[in-house]
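**Student:** Use the sequences and the hints to build the structure in full.
Residues per chain, in single letters:
Number of protein chains: 2
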Amino acid sequence: MIGIFDSGIGGLTVVRELLKHQPEAAFIYLGDTARTPYGNKSPETVVRYALEDAAFLVQHGATSIVIACNTASAVASDELRRAYPNLPIYEVITPAAQDALAVTHGRIGIIGTRATINSKAYENILKSSSSFVIRHSKFEIYTQACPLFVPLVEEGWLKDSETKRIVRYCLAPLRQAHVDTLILGCTHYPLLAPLIQRFMGKRVKVIDSARSVVTRLLAAGPLKTGEQLYYLTDLLAHSEDIARKWLGRSVHFERVKF
Amino acid sequence: MIGIFDSGIGGLTVVRELLKHQPEAAFIYLGDTARTPYGNKSPETVVRYALEDAAFLVQHGATSIVIACNTASAVASDELRRAYPNLPIYEVITPAAQDALAVTHGRIGIIGTRATINSKAYENILKSSSSFVIRHSKFEIYTQACPLFVPLVEEGWLKDSETKRIVRYCLAPLRQAHVDTLILGCTHYPLLAPLIQRFMGKRVKVIDSARSVVTRLLAAGPLKTGEQLYYLTDLLAHSEDIARKWLGRSVHFERVKF
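Here the protein sequences come in this chain order: A and B.
Under the working numbering, the first residue of the first sequence is numbered 3, with each subsequent residue one higher.
Under the working numbering, the first residue of the second sequence is numbered 3, with each subsequent residue one higher.
Just so you know, these hints were derived from the structure itself, not from any lab.
Watch out, some of these pointers could steer you wrong.
As the list makes no split between identical chains, a pair holds if one copy fits it or if it spans any two.
[Unchecked claim] Simulated pairs of lysine to aspartate or glutamate, EDC-like, Cα-Cα distance not exceeding 16 Å:
no. : residue 1 : residue 2
1   : K207      : D182
2   : K259      : E54
3   : K140      : E125
4   : K247      : E157
5   : K129      : D162
6   : K259      : E46
7   : K204      : D182
8   : K140      : D182
9   : K129      : E142
10  : K122      : E142
11  : K161      : E125
12  : K226      : E26
13  : K161      : D210
14  : K259      : D243
15  : K22       : D80
16  : K129      : E46
**Tutor:** Now the structure itself:
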């Protein structure tokens, strides 16, 4: 059974992608809504939370781990692999970076939370890819933290004029830099993808890290079918509504205390 | 020694108000930055966090507690009083409601986080005030959750045009309702007070809950002078910068793990 965790419900974009390909896949999802968000916290704190999240999933029968949260992927992947050396651990950074490298002409933009951007996780993976360096002897990476995007998505402000203005404001430096590929380095951002694509222009290739990680998961072999369990560390009245809207199906969240 | 806690650094608006009147007051401040914000969490979770925060302050010598967080004041005051029956416990809701009642002509607006607004804490206190009911046989209370204000303040977007638009959008129903008094029911909001006052108009009386609670604290008797200690549950690079900007003095934050 796949174990998927996120700082909150944003990681349901990974579940959505998974269900598109395998509607009956067995998985357990944990959203740490009692401590959300992770993107404005220190690496040390995010590592501690990620280890607790993974321990919960493993105790509940997970045989592989998907870190659906870009922030946790950026700062806690190594610690999780050290803690669970025999478990396949999928993080969202490497797949998205690889997908960006496959299509870019050499100008890559990355947006994410402040913690993800500060970690330089995407930049490090992009820069260490030798095939990329060979193809593009001169290449440029542009990063931009967009800390307001997560609250806007969580409030459901997906198409409002204020959101459009904030998207334009935050992405203006990347558009001016003429990036040809843009990595959505946060699981919430796919919900703003239409606004982002419109502002950046049709020719910019937008890479959705949720889609990238699910492609790798499916490539690793056929998924077991079975139970689909959803856990949250805090329950809010509107969580199930949002989940139904995002996933197009009813979801029952079980509350778990850490 | 006064113990002051908040979900994060927003409660420093209470410290700022306190220092204006008694720069040498002895206090211990705790900001739960590892689990911030509280305003989007369930009452049950906020109560648990508030009890842990208060326990820390008491263990470190606090002889009174100031709940600088409106959300925690709204949902956890009763539980804190039950847990510490012999300790003076100041919350921000009652003082701000009283100050609003003292000046209103009968149309009160309240803004806060979703948790504060949903709790109806302000409404309950306002409605139970018999002197108010006698003075205004017909009175109206208008509430509005403004969940985007906290991230805007925390990102330092205090005067940006996007912030102005969001303030206008969120407050429009209260302006249309012709409220004559507006309670800023969140410790972050005083930092948006200039924008809020401008949009609502000069004649609207803006009540700052940080100022209201400090007035009550000073009225209770002379404050002891002595050490001023600042603790956070998560340390970020920019926390001390923000604190210096808000307080006009250097602050050293000590990290504490829960």
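**Student:** So which of those numbered hints doesn't the model satisfy?
**Tutor:** Of the numbered hints, 5, 11, 13, 14, 15 and 16 do not hold.
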